[in-house]
Every structure is written in C-alpha cells, then in structure tokens.
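Novice: Chains as they are written, first to last, in the numbering used here: chain A, 1 to 537; chain B, 1 to 307; chain C, 1 to 308.
One thing to keep in mind: the hints can contain errors.
[Unchecked claim] Here are a few chain A residues that face chain B, going by a calculated C-beta distance under 10 Å:
(1) K121
(2) E197
(3) N201
(4) R204
(5) I220
(6) E419
Just so you know, these hints were derived from the structure itself, not from any lab. Just so it is clear, the structure is predicted and the values come from calculations on it, not from any experiment. Using N, Cα and C, we set each Cβ at its ideal position, and we do this for glycine too.
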Amino acid sequence: MLKNSLAASLFALIAASPAFADNPVPEGTELAEDQSYTYWLLDAIKSMDPQINTDVEGSDVLRSLFEGLYNENGTGELVPGVALEHTVSDDQKTYTFTLRDDAQWSNGDPVTAQDFVYSWKRLADPATASEYAWYLELMQIENAAEIIAGDMSVDELGVTAVDDRTLEVRITTPLPYFPQMLVHASTFPVHQATIEEHGDNWTRAENLVGNGAYVLDEHILGERVEMSKSDTYWDAENVIFTDLTALTINDVNQGLTRYLAGELDRVDIPAGQYPRLEEEYPEQANSVPYNCSYIYMLNVGESGPEELKDVNVRKALSYAIDRDIIVERILQGGQPPSYNWTHTAVAGFERPEIEYANWTQEERIEKAKELLAEAGYGPDNPLELTLQYNTSEDHKKIAVAAQQMLRQIGVNITLANYEWKVHTDRMQNQEFDMARYAWCGDYNEASTYLDLLASYSGHNNGEFFNDEYDQVMKESKTAEDPLPMYQQAETILAEEMPIIPIYHYAKVFMLNEDIKGWPLENVNQTWYAKDLYRVAE
Amino acid sequence: MLSYSIKRLALAIPTLLILIVVSFVLMYAAPGGPFTSERELPPEVLANLNAKYGLDQPLWRQILTYIWGIVTEFDFGPSFIYKDRTVNEIIAQGFPVTLTYGLLSFVVAVVVGVTLGVVAAIRQNSVLDYFAVGISIGAQVLPNFVMAPILVLTFTLWLGWLPGGGWQGGQWEYLIMPVIALSTSFMASIARITRSSMLETLNMNHIRTARAKGLPERRVILRHALKPAMLPVISYLGPAFVGMITGSVVVDVYFSTGGIGKAFVDSALNRDYAVMMGVTILMGALTIFFNLVVDILYGWIDPKIRY
Amino acid sequence: MVHDTQRMDAIAERMAEDEVAGRSLWADARSRFVKNKAAMFGLFLLIFVVLFALFGSHLAQWSNEELDYNVMGVVAQEGGPSMANGHYFGVDELGRDLFARTVQGTQVSLAVGFVGALVAVVVGTIYGATAGYVGGRVDQIMMRMVDILMAIPYMFVLILILVMYGRSMIALFVGLGLISWLEMSRIVRGQTLSLKNREFIEAARATGVSGVTIIRRHIVPNLLGVIAVYATLLVPLMILTESFISFLGLGVQEPLTSLGALISEGAGTIAYGTIWQLGFPLLFFCLTLFGFFFVGDGLRDALDPKDR
Chain A
1 MLKNSLAASL
11 FALIAASPAF
21 ADNPVPEGTE
31 LAEDQSYTYW
41 LLDAIKSMDP
51 QINTDVEGSD
61 VLRSLFEGLY
71 NENGTGELVP
81 GVALEHTVSD
91 DQKTYTFTLR
101 DDAQWSNGDP
111 VTAQDFVYSW
121 KRLADPATAS
131 EYAWYLELMQ
141 IENAAEIIAG
151 DMSVDELGVT
161 AVDDRTLEVR
171 ITTPLPYFPQ
181 MLVHASTFPV
191 HQATIEEHGD
201 NWTRAENLVG
211 NGAYVLDEHI
221 LGERVEMSKS
231 DTYWDAENVI
241 FTDLTALTIN
251 DVNQGLTRYL
261 AGELDRVDIP
271 AGQYPRLEEE
281 YPEQANSVPY
291 NCSYIYMLNV
301 GESGPEELKD
311 VNVRKALSYA
321 IDRDIIVERI
331 LQGGQPPSYN
341 WTHTAVAGFE
351 RPEIEYANWT
361 QEERIEKAKE
371 LLAEAGYGPD
381 NPLELTLQYN
391 TSEDHKKIAV
401 AAQQMLRQIG
411 VNITLANYEW
421 KVHTDRMQNQ
431 EFDMARYAWC
441 GDYNEASTYL
451 DLLASYSGHN
461 NGEFFNDEYD
471 QVMKESKTAE
481 DPLPMYQQAE
491 TILAEEMPII
501 PIYHYAKVFM
511 LNEDIKGWPL
521 ENVNQTWYAK
531 DLYRVAE
Chain B
1 MLSYSIKRLA
11 LAIPTLLILI
21 VVSFVLMYAA
31 PGGPFTSERE
41 LPPEVLANLN
51 AKYGLDQPLW
61 RQILTYIWGI
71 VTEFDFGPSF
81 IYKDRTVNEI
91 IAQGFPVTLT
101 YGLLSFVVAV
111 VVGVTLGVVA
121 AIRQNSVLDY
131 FAVGISIGAQ
141 VLPNFVMAPI
151 LVLTFTLWLG
161 WLPGGGWQGG
171 QWEYLIMPVI
181 ALSTSFMASI
191 ARITRSSMLE
201 TLNMNHIRTA
211 RAKGLPERRV
221 ILRHALKPAM
231 LPVISYLGPA
241 FVGMITGSVV
251 VDVYFSTGGI
261 GKAFVDSALN
271 RDYAVMMGVT
281 ILMGALTIFF
291 NLVVDILYGW
301 IDPKIRY
Chain C
1 MVHDTQRMDA
11 IAERMAEDEV
21 AGRSLWADAR
31 SRFVKNKAAM
41 FGLFLLIFVV
51 LFALFGSHLA
61 QWSNEELDYN
71 VMGVVAQEGG
81 PSMANGHYFG
91 VDELGRDLFA
101 RTVQGTQVSL
111 AVGFVGALVA
121 VVVGTIYGAT
131 AGYVGGRVDQ
141 IMMRMVDILM
151 AIPYMFVLIL
161 ILVMYGRSMI
171 ALFVGLGLIS
181 WLEMSRIVRG
191 QTLSLKNREF
201 IEAARATGVS
211 GVTIIRRHIV
221 PNLLGVIAVY
231 ATLLVPLMIL
241 TESFISFLGL
251 GVQEPLTSLG
261 ALISEGAGTI
271 AYGTIWQLGF
281 PLLFFCLTLF
291 GFFFVGDGLR
301 DALDPKDR
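Chain A with its partners taken away, still in its complex shape:
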C-alpha cells in the first residue's frame, strides 16, 4: 500500500550510452542561478539505512544518497545505475551483472561487487532484523528464506562477487521482472567499513557514506533533511540540483499553505482542492496515474458474516456505490473510478469488458435492489453490515458517502473507524465485514495486484478462495502472453465480487513551474533528484 514502494517496470533495460548518462537538460534551456530544491514530507524519515527503511518517503531520500544496480527513467524504464548491463543464463536462474568502474563512495572508495554482496547478506541476516528481509524472498534469491529463518548461514546467500566488477546472483525460479526489482532501495549497497566502525550510528550525517548523487548534510528527525551534491558521484557533471531540503509538515493543508507562501517547491494536494488549484495555477497543479488501487474488501471467509457469503449481496453492495460521485465530488483529483482491481495505467494491462462498468448508476441501483431482494433482504429485513476504515479525512468522507449510497438500497451500514495499526490487525485476523483497503503495485505489472487475491497469497485478508482464479493465476506465470489470464482473473473478480473496487489512484501535487524533469509518466512516481533541474524564470 502507500507506505511501501517497490518499483520496477517490465520494460527492458535501455542500454544507451552505457558509461555516461545523458545530461537531463535539453539543449538551449536556460538554467536558474539557484539550483536548490525544497520539498515536502508528510512524516519524519524513519531510517536512512537502505536495509532498514520501509516507506516511500524514506526511499525517495535513499535514492538521492545511494544508487542501486539500476535506476528508472522518466517513463519507468530501466537505465544503468552502478550496473552497466547483465546477462542471464539459459535456465533464467543466474544473473551476471557488470558494474561500472567509475562508481565511488562519498569517501572516495570504489563501489565494488563485494559491496552488493555485503549489503544483500546484511538484508537477509537475522541479526539485522530487517522488516524488508522478505524482499529477498520475493526476489527468489537462493537460500534467502532459509537464512532469514536462521536455518542456514548468511554466507549461503545466492549472491557472489566474481571479481570487483562482476556480480553473480542466483535465483530459484525464473522471474521475468527480476531486473526491475533492483530499483528498490533495500537492494542498495552500503559501505561495510563505515557500518563496522559506527554501528547503529552510521546513518548520522557526520558518518554516512553513500554512493548516490547527494550526500547527507543534516537530518533533524521530524523537522528537516538537508543534502548537497556529491563530488564523487560518477555522473556528478550531469547532476544539476546542488542542494536538496526535505521539510516534514504533518498537516497536508498546512503544507499547501506553505507551498503557496513560496516555502516549498513540491507538495501533495489535499482531496477536493485540485480543481481550484488547477484553475488558479495551471502550470503547477499536476494529476498523474499512480500505481495503487482503492477498494472495500469483503470478508467472505469462514469468520465473515453469513450475508456476505451470498454473491448477490456482494454484487448489490458494489453496484450501489456511485464511484463517479466519489472521484468527482469528493476526491476531485483526477482519479479514475474503478470497476476492477488492477490499475488501468499498469503497463501491458487492458481491462476486460466488465458489464456493470458500462451501466448508468440508475441501472446499477435497480439491479442492486433486485439482487438484494433475491437474497432475501428488503425493507422488512434490512441488511446490516459494518464498514471499517482507518483514520484519515479522505477515508472518512468516502465511507460516509458509501453509507448513504448503500442506504438507498436498504442496507444499514455502521461505520467503524480505527487507528491504522488496529485496522490492519483486525483485517489480518479476519475481524471485519467490509474494510477499506488499498494496494500499491510492487512493480509495473498486473500480477502484483492479481496475485494478492489468490488463495495462497499472504495478503488475501478477505479469504476469497477460488480454485478457478488460482488456476488462472498459476497459468499466467508461464504464459507467453499473460494478458488473457489476467483479464480472465478480473472477470472472475467481477462475477464473484470479493472486493468492491472504488477508484484507481492518481498522484495529485503542486510542483513549482520552474522545476523540470519530473517523471510524470512513471506510474510508480520513482523520482531521482539528479534528473531534476530548475530553469530560469
């Protein structure tokens, strides 16, 4: 979901000019004197340690301070980072990466294959106790699961430095999108000598040694992060921003006020404010697709309410919710209403024909009432359910609206608002009827969504177990073209309705019109400060 970011895309690596990246600034652009960039953070950065960090804002900072094997460009395609290229063995299980020879740590040491081996082992090591250790399991790295469980020595991890410039990685099953997974911050290299010298204190500004385009100058928890351009970065001559400042402002509205007062270059737009800002500041207000999907999950499992075991009831609930009102009148940020699970902007995905998506809302309500009556509920026997959501102004508004919409078809919804941790805990223990849920794609491909609802998934909190669905998803793994299977899976979801799709996310934000280079077409919104620049006014 929003707090986690795993970013990758299915496009092949763009192997243009391997040793030197292009200057991001188009010819003839006049750059501003001042190349500093100040942006907004909702929360304090929890950790500057790539193997410990768990959230999106932390990853954004880490991408400035460190660099992994590959980076993403403005459209989400892979471009060389520390690695120039790789080869894959015939069985698709061994990847051999060639690293560039001019990559340096900020203290001048060269970045070598051994650094990656050290970092990945560190990620797996039970002593590190990384919350993202499971990422290695997701990457299918040889022996990762056993090492994390403490059954095997860390040295058994399937990653070897053949020499300083050659990194060999062994995975257990072929994974077409494996290179895309290397963009994730938890795979970034860290400097062994620094960690051994300073222990847990190595991420302090005075100690931190990174290999990214920027170095950390100051980190005051909950107030600010200051970074400046690194001289040792291999592509320093093409890095244009000289100073980065990230300010923590816990209140979105307050953030917007300070943006408008000129204190920030970028800030998220609170729900409902996009139309006004778009009109007043057309050059600054942006709304772009963002790889997440918002749903109400229904508990159809053992412990779920009897009522929801009836597919007609589930369909009626879904039909009665007017998504257009939610996106156009509440969120107002250019989010598309959704009638399926996978974000429609995901690469290579096309939504199948879903019947109720094309009906008018009146038709849906009509149908919903019929279905409900068929299921035995009506004015004399109203359906009673609880809708659970976690604390947030937006979730609250949507839930209140949904409650009113469902009342039209004679369903009485009780709202239950919980703190995030309680909400999550209740969902994972199947203590809910309907619950607000959102998922952000780990990578830019439909399976990151669809796998979640398979019976063997670890995140299928609503316990939707469907053999046909499982079968289709298994087949998609080995298919030449998985799209038909994905579409079939979506069709099953529309027929069984274990989740009520509400909308697909958009990233809605204000960006100073002088700042250029923002990756508007990257659905994961993976941005690199080194690719941005400020033009003269």
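With chain A fixed as given, assemble chains B and C onto it according to the hints.
Specialist: Frame of chain A, contents of chains B and C only:
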C-alpha cells in the same frame, strides 16, 4: 519544608513505577504491534524482529529489563520505528525544542496575563478593564488548533512576515507563532484569575490600612497586594503546565517544530513502545517536579500553609 | 483542572457550617445569583444553547446525514449559508447540512461535558467521602493513591487508551471523567473529616445508622454547593478537552460529531474559502463555554459572597 519536599520526591518513585507498569500493560494489550504492517510479515522475519527488540520475552521480564536499563545506565532503549535512533536521542533532540517554546510561552502567559489582570483590576470598570476582560474571555475558549492555522494564514501567506514553520535551531522568527498559539489561552486564564483575586485583595483590611496611611498607590499594589493576590495564580500554574505539554502536540503538528509532543502521539499510533514509554516517563517526572515547585512557591508566598 | 481550589474549600466550609445546608443559605445564594448580570447572561446563553441542541433539528430543512448532491463538490462556491436551499449554516465538505450537524455536535458536546463532569463528581465524592469517613490507615492509603495519580500525565494515558482500543462514547466519557475526579475527592475528604465529628453525625452513629447512610444523608447534602460549582466549571473543561481529542482524530465516530470535531474540520479547510465551516460551530462552542464559565463564576460568588 525540606522534609516535605523529600517526602514528595520519594513519592515520585512509586508514581513512576505505576506509570511504567500501567503503560506497558496498556501497550501490550492493544491490538497491533510495532511491526504490524499492511504487508503482513512472514513469521520468520517477525521472529527476528521480536528477538532483536526483546519482544519475545515474557512481559514481566521486559518490564524489569526496561527499568533496569533506566536505573543503571539511564538507557530508555532503541526506538522501534525510528530504527537508527535511540529513545535517548529522540528525546535529546525533541525535548529542548519543546522546552524552549514551552518555557517561553509560560513566561509570556504569566507576565502578560498578570499584567493584564492587575491593570484591569486597578482600573476596574474602565474601558481598559472591559477590553482586558473581553480579550481574555474570548482567548480562553479559542482552541490553539484553530489559532495555529489562522496565524500561519495571516503571517505567512498573506503578510509574508514569518516562516510558516520549522525550527532552525530556535531562531526568533520561528518561535513567534508557536509561542502565540500556545500561550494565548493560558494568558487569558491567568489574566482572569489575577483580576478577580486582585479585586478581592484590594478590598482587604491590610490594603485599606496601607492606603489610609497614605502610601503611594504603586507601592500599595506592588508591595502589599500583589503577593497575596498571586496565590490563586500560582495554584493554576500546575494545570497550566500540564496543559502546555498537551498543547505542544498542536504546535508540533502545525509548525513542524519537531518537538516531543508529536513524537508522543506518533509513538502511540505507531506502537513505538520505547519512545512512548520514554516520553510518558519524562512527562510524569516533569509533572511531579513542577507540582513540587508550585507547592514550594505557594508555601513561600502564603506562610499560613504548613506542611 | 478546576483551578481555584481555595475558593472551593471556602464554599465547602461555608456549606458545612449548618447542620444540613439551610434553606436560607440557598435562598440568599439565589437572590445574589439573580442580581449578578454576568451570571444571568450566562444562564441565558446556556438556556439558548440547550434549546438549540434539543429543538434545533425541528428547524432544520435537512437531516444531519443526507448528502446534498447539488452542492457536493462545489462547496466553496455554492455551499455557503443560504436561506434558499435551506442550508442556514451552509454545508460541510461532503455536502451535509451544517445547521443540522451543528445541532448534533452541540448535543454530543453537551452530553460529553455533562456525563464527564458527572463521572468526575460521583467518583470524586464517593472516594473522598469514603476516605474521610473511614479515616485512619485507609484514609492515608487512599489519599496517597490520589497523590500518586495526580502526578500522572492523564492526557497521555487518555490518548493511549483512545488510540489503542478504538474510540467509543463510553471510553470518552469515562476517560474524561477519570481525568478530573482527583481534586474533587480531596475537597470532599477534607469536608467529610470536619463534618464527621459534629454532634449530629455522632448522634446518628450512636443510633446505629450505617456509614453509607450517614454519608448519603448527612455528608453529601452538605457538599451540594461545592459539587454544583465544581461541576459547572468542569463541564466547559470537558468540552475543551474533547475538542482537543477530536483534533487528534480520536473523538466520536462518524456519523456522530461534536463541536470539537466540526471546529477541527473547519479549521483544517480554513484556507479554502469555506469559513462558515469553522465559524458556526465555533460560535456555538464559544457560547456554550461562556455560558458555563459565567454561570459557574456566578454560582461560586453566590454561594461564597466575598463581602460577607
């Protein structure tokens, strides 16, 4: 007095112990833990985390280890969420911030409030009095979470005079709005209390005598009336102090000061057990200490009080 | 929390002077109260607010939960106060009628204030009277407990409870009440101690009346004045505290609302041209608090006249 103070301080130890045990039990009984996340962690990953942070131990042992760490090394443990910081570091960074704007607000509230109250009392029923009473009644009920956005809107967005937030090591322009937002309602209460208690004092016999003796009015007020009139104000300082600690949450949220108030609320929301314990204990200790100071001050001003 | 403990003790002492607080004392107090302009104004405000809370919904054209799709999404432009579409106070961000919401918020805030104060007063009185009446070791232990509890930063404990156990009206009532019974218990204990050895109580005891009955029949009535003043000053503090809790997002659950929650929502969107969303709830919030403050001060002055 000394023995009283010692007795009060001795009481602090059981108080803090109770606080620790209650908070621990509350925390652990609550659903969700520090590592509950929307991506349910595989059991082996969770086991490693629990082992690292000692959460695999029985509760009583965790409490004992925790208290032992505090007593022997003054070590409140590592943060469960801000994983490259210890609780001591988080408090060391946030507490001076809170203390700075808190004390400043306190001073402003007391000085301005008392002055306003005294002036209003002396010039009872004058325009000045009505003005002071009017302001203080209005300010007393205006929540600081309403005041804060109004201030930012006015001074940052419209007038452009002050930065909308941040701390920057406590430079004055970053202090103004937090102090106004935090001190106003307490200032108003103090003004009201001062006014009514001053009016009462001015009617007392010894003041009448002093006036009859022909002492200058200024001297009567400063030397004879102010001290007894301050008693209710002083007994209000305790609650005011606690109120300011609470109000610091609002200041931290709206002005991004990075203080301890926000850290506490976040730690509760995130189940950052260690930070939550650390801040709770700190606040408990401060409350005890502050109430003691207030009591001593009270006894010093009012010799009738015997301990 | 209620700051002027001295005055409280003074009132308590005065009330305890008579055997059972005499009729004349209350009559005197009433005539003094009626003459106090501020207090009468406060009373008027309170009556107004209570009437608004009780009968306001009859005046509303909309229910407090209907979404008005005509203005939803264009609230800043068209959701302002209007007689034409029946939204006298405008609408909230979702297009719900703010007049009806304010009525509902006032009801909830008053309820929170009253029940919170009631819990505090009841617990404080029972605890204090018990400690004072039983006396000796039990008294010492009970009051030491109060000392200890007084040093606990309650707001923090309350936040913990609300964050971790979900919110409900009950949790809020009890939590708020439990914050403020300590002071009450001290005052009550002090008075109980001084009453306990009076002749009429000794006489009652001699005739075999049980302790509980003595407390109920003879001690509590003598404390009514303090309780009344304490409670009136406690209610606005409860309402203020609840508003802070709402600001933290830990207040009452939707679709319920409170003045604090409405104000906090309105304050969040203050920059977006929907000032009525802050203005109207804040107005009623202030009226309520003023009313209680004035009445409380008036009651105190009436029961303990400074010029006696």
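Novice: Identify whether the interface hint at A:E419 stands, where standing means a beta carbon of chain B within less than 10 Å of its own.
Specialist: Given a least distance of 6 Å, the restraint on A:E419 holds.
Novice: With a cut-off of 10 Å on the beta carbons, see whether A:I220 makes it to chain B.
Specialist: holds (6 Å)
Novice: Closer than 10 Å between Cβ atoms is the bar; does A:N201 clear it against chain B? Give me holds or violated.
Specialist: Hint on A:N201: holds, closest Cβ of chain B at ~7 Å, below 10 Å.
Novice: At a threshold of 10 Å, is the proposed contact between A:K121 and chain B supported by beta-carbon distances?
Specialist: violated (14 Å)
Novice: Does the CB of A:R204 sit less than 10 Å away from some CB of chain B?
Specialist: Hint holds; A:R204 Cβ to chain B Cβ min 8 Å, cut 10 Å.
Novice: Please verify that hint: A:E197, Cβ, nearest Cβ of chain B, below 10 Å or not.
Specialist: violated (15 Å)
Hints 1, 2 from the list above are not met by this structure, while the remaining hints are.
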